[in-house]
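**Q** Given only the sequences and the hints, what does the whole structure look like? Please build it.
All residue numbers for the sequence shown refer to my numbering, where the first residue is 41 and numbers rise by one.
Just so you know, these hints were derived from the structure itself, not from any lab.
Predicted model, so just to flag it, every value in this text is computed and none were measured.
Heads up, the beta-carbon is just placed ideally off N, CA and C, and yes, glycines get one too.
Keep in mind that the hints are not guaranteed to be accurate.
Claimed, not checked - Label pairs and their calculated CB-CB ranges:
hint, residue 1, residue 2, range
1, Lys191, Glu153, 30 to 36 angstroms
2, Thr44, Ala78, 40 to 46 angstroms
3, Lys103, Gln194, 55 to 61 angstroms
4, Asp246, Asn87, 21 to 27 angstroms
5, Gly88, Gly248, 19 to 25 angstroms
6, Gln257, Thr65, 34 to 40 angstroms
7, Asn242, Ile75, 34 to 40 angstroms
8, Ile75, Gln194, 40 to 46 angstroms
9, His62, Gln194, 52 to 58 angstroms
10, Met79, Glu258, 35 to 41 angstroms
11, Leu122, Gln257, 23 to 29 angstroms
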Amino acid sequence: MNFTSAQKQELRNGIENCYQSHELTETFKERYHNIYQAMAKDVLEQNGYPKNADIEKGDIDVKLSPKSSYDSYIELIERDELIDNQEDYNTKVKSQRFYIDVILSNIRDIQIEFILKDDPIAYLEKNPTEEYLSTEMEKRFSSSKLIEHLKEDQDFKNEYLEEKAVEEGIDDNVDINQIRYEITEAKVIESYDVLAELVLDNGYFDSGKTVSTFLSQEFYQFIVNNHLYEAKVEIQTDPEELQEM
Numbered sequence: 041m042n043f044t045s046a047q048k049q050e051l052r053n054g055i056e057n058c059y060q061s062h063e064l065t066e067t068f069k070e071r072y073h074n075i076y077q078a079m080a081k082d083v084l085e086q087n088g089y090p091k092n093a094d095i096e097k098g099d100i101d102v103k104l105s106p107k108s109s110y111d112s113y114i115e116l117i118e119r120d121e122l123i124d125n126q127e128d129y130n131t132k133v134k135s136q137r138f139y140i141d142v143i144l145s146n147i148r149d150i151q152i153e154f155i156l157k158d159d160p161i162a163y164l165e166k167n168p169t170e171e172y173l174s175t176e177m178e179k180r181f182s183s184s185k186l187i188e189h190l191k192e193d194q195d196f197k198n199e200y201l202e203e204k205a206v207e208e209g210i211d212d213n214v215d216i217n218q219i220r221y222e223i224t225e226a227k228v229i230e231s232y233d234v235l236a237e238l239v240l241d242n243g244y245f246d247s248g249k250t251v252s253t254f255l256s257q258e259f260y261q262f263i264v265n266n267h268l269y270e271a272k273v274e275i276q277t278d279p280e281e282l283q284e285m
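**A** Laid out in structure tokens, this is it:
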């Protein structure tokens, strides 16, 4: 079917509106899934993302635009006789699916652009690799903060402190809260790589938490709860003091 100027303009508007639609983009991702995945992975890697970054977790958009003018699609529709007659025209000129099929049947004529809304660090904050988490743990670890958490932990007092007190000659029946002590040193007993692996295995980031949030709110408690520490304790209470009480 040959089109009038008015019909060509109507088809041109349909093609243009289709290019701006979310439906075209989503259909492209589905229909050319492998191509989309490969291209997106390349773009992420070229921009400093981890090699195996999850495209679905990355904040990434894809924008489709024609390499040439919209008129090239009108020529294609005429040449390939994709519209047979006026009745067919009346149906297809209003059909988004028709325009999508026309556009995606000629993928080589489509300019595909990826838009990254996150930078690599923002991605890693939400989806850390073992290497990234390990590095951040090591940078942020503070012995004094671990000591603060140990002083608040009842298991530490009941097990670690009590054992040390008995070694110093204090009766094991003494109320542990009556013993004065000082934690002079505290450190982790595993490598940061192992710590990172344990945290990731526990699924800490599956619910949308970030590395920064974990390190500021849960890092030390994770170490304490899992007994991943070693501490030096000085008992400052004289056993004779307790006997006199």
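**Q** Which earlier hints turn out false for this structure, listed by number in ascending order?
**A** Structure breaks hints 1, 8 and 11.
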